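Chemist: Protein sequence lines correspond, in order, to chains A and B. Taken in order, the first sequence gives residues 1 to 540; the numbers are from this note's numbering. Taken in order, the second sequence gives residues 1 to 346; the numbers are from this note's numbering.
No lab work stands behind these hints: they were computed from the structure. This one's a predicted model, so the numbers in the text were calculated from it and none came from an experiment. Yeah, the Cβ is synthetic: ideal placement off N, Cα and C, and Gly gets one too. Mixed in with the good hints, there may be bad ones.
Unchecked claim - Calculated pairs, DSSO-like style, for lysine-lysine (alpha carbon to alpha carbon, straight line, at most 30 Å):
#	chain 1	residue 1	chain 2	residue 2
1	B	K118	B	K52
2	B	K151	B	K337
3	B	K208	B	K151
4	B	K166	B	K145
5	B	K145	B	K118
6	B	K60	A	K51
7	B	K47	B	K151
8	B	K47	A	K342
9	B	K280	B	K47
10	B	K118	B	K49
11	B	K190	B	K208
12	B	K337	B	K319
13	B	K337	B	K145
14	B	K166	B	K208
15	B	K105	B	K208
16	B	K200	B	K49
17	B	K72	A	K342
18	B	K270	B	K47
19	B	K337	B	K118
20	B	K105	A	K51
21	B	K337	A	K51
22	B	K270	B	K84
23	B	K280	B	K270
24	B	K145	A	K342
25	A	K342	B	K52
26	B	K166	B	K280
27	B	K270	A	K51
28	B	K190	A	K51
29	A	K342	B	K200
30	B	K145	B	K105
Claimed, not checked - A partial selection of chain B residues facing chain A, derived with a Cβ cut-off under 10 Å:
#	residue
31	N78
32	R177
33	V189
34	K190
35	E192
As the list claims (entries may be wrong) - The calculated label-pair distances, taken between Cβ atoms and stated as ranges, are:
#	chain 1	residue 1	chain 2	residue 2	range
36	B	S310	A	A265	13 to 23 Å
37	A	G35	B	S310	28 to 38 Å
38	B	K200	A	L202	35 to 45 Å
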Amino acid sequence: MTQAGPLTLTPSSSLAPASGWLAQIGTFVLLAVVGLLVLPPLLYLAAAALKAGELGAVTIGSLVGLAAMTLSLATLATIWAMLLALPLAWLVIRTDLPFRNLCQWLAVIPLAIPSYIGAMSYIALLGPVGSVNTWLSSLIGAPQQWVNIYGFWGGVFVLGLFTYPYIFLLVSAALEATNPSIEETARSLGESPLGVFRRVTLPMLRPSILAGGLLAFLYALSDFGSPSLLRVQVFTTAIYHQLNTRFDQAAAALLSFVLVLITIAVLVGQQMLLHRRSYVTITGTARLARPLHLGRWRWPAALLVGAVLGLSVFIPLGVLLAQTGSVGHFLEVVREQGDYIKNSLLLAGLAATLAVILGLLIAFTARHTPPRTDALLSGTIQIGYAIPGTVLGLSLILLYNTYVPWLYGTVGVLVVAYLIRFLTQSVQGVDAALAGINPHLEEAARSLAASPWRVLRRILAPLVRPTLFAVWALVFISAMKELDATLLLRPAGFDTLPVRVYIHTVEAEYARAAVMALLLIAFTALPWMVVTRLREKKLV
Amino acid sequence: MASAASAKIEGRVVRVVLAGVLFAFVAGLLPATADAADRLVIYSGRKEKAIKPVVDEFTKQTGIRVDLKVGKTSGLANEIRMEKAHQRGDLYISTESGIVEILTKEGLLDPYQSVAIKAVPADFRSAAGTWTGISGRARIILYNKNLVPEKDVPRSIFELTNPTWKGKLAIAGTRERTTLAWATALVAVKGETFTRDYLKGLHANDLKILTDNTEVWQGVGRGEFAIGLTNSPNYYLARQANLPVGVVYPDQESGGFGTPVNPNAVAVIKGAANPEAARKFIDFLLSPDGQRILVTQDYEIPLIAGVDSSEVPPLQSIKRTAVTAQRLADLEEATLKLLTSLNPNW
Numbered sequence: 001m002t003q004a005g006p007l008t009l010t011p012s013s014s015l016a017p018a019s020g021w022l023a024q025i026g027t028f029v030l031l032a033v034v035g036l037l038v039l040p041p042l043l044y045l046a047a048a049a050l051k052a053g054e055l056g057a058v059t060i061g062s063l064v065g066l067a068a069m070t071l072s073l074a075t076l077a078t079i080w081a082m083l084l085a086l087p088l089a090w091l092v093i094r095t096d097l098p099f100r101n102l103c104q105w106l107a108v109i110p111l112a113i114p115s116y117i118g119a120m121s122y123i124a125l126l127g128p129v130g131s132v133n134t135w136l137s138s139l140i141g142a143p144q145q146w147v148n149i150y151g152f153w154g155g156v157f158v159l160g161l162f163t164y165p166y167i168f169l170l171v172s173a174a175l176e177a178t179n180p181s182i183e184e185t186a187r188s189l190g191e192s193p194l195g196v197f198r199r200v201t202l203p204m205l206r207p208s209i210l211a212g213g214l215l216a217f218l219y220a221l222s223d224f225g226s227p228s229l230l231r232v233q234v235f236t237t238a239i240y241h242q243l244n245t246r247f248d249q250a251a252a253a254l255l256s257f258v259l260v261l262i263t264i265a266v267l268v269g270q271q272m273l274l275h276r277r278s279y280v281t282i283t284g285t286a287r288l289a290r291p292l293h294l295g296r297w298r299w300p301a302a303l304l305v306g307a308v309l310g311l312s313v314f315i316p317l318g319v320l321l322a323q324t325g326s327v328g329h330f331l332e333v334v335r336e337q338g339d340y341i342k343n344s345l346l347l348a349g350l351a352a353t354l355a356v357i358l359g360l361l362i363a364f365t366a367r368h369t370p371p372r373t374d375a376l377l378s379g380t381i382q383i384g385y386a387i388p389g390t391v392l393g394l395s396l397i398l399l400y401n402t403y404v405p406w407l408y409g410t411v412g413v414l415v416v417a418y419l420i421r422f423l424t425q426s427v428q429g430v431d432a433a434l435a436g437i438n439p440h441l442e443e444a445a446r447s448l449a450a451s452p453w454r455v456l457r458r459i460l461a462p463l464v465r466p467t468l469f470a471v472w473a474l475v476f477i478s479a480m481k482e483l484d485a486t487l488l489l490r491p492a493g494f495d496t497l498p499v500r501v502y503i504h505t506v507e508a509e510y511a512r513a514a515v516m517a518l519l520l521i522a523f524t525a526l527p528w529m530v531v532t533r534l535r536e537k538k539l540v
Numbered sequence: 001m002a003s004a005a006s007a008k009i010e011g012r013v014v015r016v017v018l019a020g021v022l023f024a025f026v027a028g029l030l031p032a033t034a035d036a037a038d039r040l041v042i043y044s045g046r047k048e049k050a051i052k053p054v055v056d057e058f059t060k061q062t063g064i065r066v067d068l069k070v071g072k073t074s075g076l077a078n079e080i081r082m083e084k085a086h087q088r089g090d091l092y093i094s095t096e097s098g099i100v101e102i103l104t105k106e107g108l109l110d111p112y113q114s115v116a117i118k119a120v121p122a123d124f125r126s127a128a129g130t131w132t133g134i135s136g137r138a139r140i141i142l143y144n145k146n147l148v149p150e151k152d153v154p155r156s157i158f159e160l161t162n163p164t165w166k167g168k169l170a171i172a173g174t175r176e177r178t179t180l181a182w183a184t185a186l187v188a189v190k191g192e193t194f195t196r197d198y199l200k201g202l203h204a205n206d207l208k209i210l211t212d213n214t215e216v217w218q219g220v221g222r223g224e225f226a227i228g229l230t231n232s233p234n235y236y237l238a239r240q241a242n243l244p245v246g247v248v249y250p251d252q253e254s255g256g257f258g259t260p261v262n263p264n265a266v267a268v269i270k271g272a273a274n275p276e277a278a279r280k281f282i283d284f285l286l287s288p289d290g291q292r293i294l295v296t297q298d299y300e301i302p303l304i305a306g307v308d309s310s311e312v313p314p315l316q317s318i319k320r321t322a323v324t325a326q327r328l329a330d331l332e333e334a335t336l337k338l339l340t341s342l343n344p345n346w
């Protein structure tokens, strides 16, 4: 992450296509695997959408309304997430903020908190009859509603709070990797600190802000739990509604298809924004930035960081802890439901490992395929992220139960679902890291007659290793939290932690739900902690 | 130099450990995927809290092991439809009867008759013998005692269009099957025009449509709403949570609309791998042991004469809306259209 050095700003160019029949077969196999993974559910969706003759409650008017609501929710949540993430990343990486290492670690924790759990704790706190309203009313002695988390703005608030780490992770990594000497030079040339940030730092961070923003945006677009809990009508809640009240799945398929089309438009837009300019700044030796002295701004800055972490980490965890009841109860639930911890860890670990291996192979292959194939490949993978979990679950039931019955009914089908949904996180991450490596390195190795496999194993993989671990943790976290598809695809008797949280919540056993939620968060955060620790000690 | 070498060794150790953990992952997954064939697989829309104790007792008495998959009644029905080519479940438990009628029409259920099933009143089991009720829940008016003085408590659902209740009413949307069954019963007995006007009256009173019945009883219990339209067990759940609630079984006067009683239904899935075990489980559910656990676990109304209903009013004491499950299934689609034309949130 900290390989910066003598600065080179080289426009990145695509590499020569891979030669040799072995490499071509490899490319073909990879394309086939990705195609077989992602395309069938998409085609099923398209076919079902086209069959939708009569649409029941779905009219053009309601479709436009839904699209407007969904897009504004996702857009505002992303902006809110950026506002939270940018100052945090800059303060933590570039200044002498107190407890900056601790803060850097804590800032990622909200990713381990599923947004539906976040929404639940904020409803308990800021709902019409939540703690805050009850407390304020008892102060003045008359019941009155001061705050109400339900609705559009509550949705924006909660989604931003639990997606900002996507942006924080990528931006702080970019801040670590880019060379501070450019900024120092600008400052020595008389630019004000704000000017340096606006005219030097921000443009350098643009790709990572956009990539992180995209992840946050897509999450908000496809999230079902928090809008449903906070009573916001968006595509995912409408799809769920269609699926669960009427059994004609045409309307649900049509709605999902529109959502996928919107996502494609967003992805194309992002590609156009990114490809306008790109720089390679990673070269050889390391040089760490000297932290900027905040001086009298040190404690106000700490207060700001504390507020962000308070809203996104301490408040939800505090509410959950308060709901668990006694320590005895906590331990009893843990003993009783220990199996589900194992199920979740096994499943998410397997999915993350496969996603990293596939992601590395795909990103490497994509470097050597013509740009159009590359765009098709990564586009296909990204669309998988946009299929709502419930719809993906139902389409996989039909497809896999009919054509691959030996896989369906096992945890294998869950791994497939997780790969379809989260492979893009791995491909994007690895791709971005590979893009930062000077192509001359690879060309030099190739000119010395190293095979593509050897280049990947001996040169590229070691260089992007920190990213591989980060990506593993990212996919692991996403897989640990997955609920919608898991609910449908899990074999009977094989529940995961989010499924348990869901069941206990639906059955209004909040103390149990809170214990399971805390376990889920702990076991999601744990691998992240281990990976960061190992990286600090340079063990991996 | 020495520290670099030791770090290298340490790094190798870490890698070996990581590989070992990964191997354990994969090895640990295998048993979960095998030996599922000899187990009874139950898809339950009924709460785990209510059904798990019965399942445990069944396993204890018969030695038949059970894999339980708990979900939403409608979601699991969708799953059964999708799994038609190769059914994975043996037994389906729903919270309402219209949905098992729909599955019967699609030919997804296997008929089963037994002495135990014949003890269930005829209007709580399938005419085709494909499903049977196991316990019941009545539609009720739930009210907050702090917000509604005893003298103002409504005795009829038709009073709720009165402007005094404006902004104070809540109900779950139709993703709760019992809400849809309630509205369909209105259409069946009172006709579509009457029902439309009545629902319009409720909407004029800003009826709030919530996600599920849990939100309804909690909203009423905590005082977000004065009145909720929901199912009878929810009154006991709210009381258990020490919330100040009261209950009305509405429209009980002679000649009145009565109130719908929805059975929780159970059915054998056609193409099940273990139909024998599934049938045994149905008979167990209807046995004195099964009924006792089922009824006391979640305050449900016993359907079989002679089963003690404890503090829940027995079936005979409730004036039920006269409508059959088949009629409800036939009118469901039209009712859904009516509801969504009035408000998309239904």
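Chemist: For a quick check of understanding: which of the numbered hints are violated here, in increasing order?
Modeler: 2, 5, 6, 7, 13, 15, 16, 19, 24, 26, 28, 29, 30, 33, 34, 35, 36, 37 and 38
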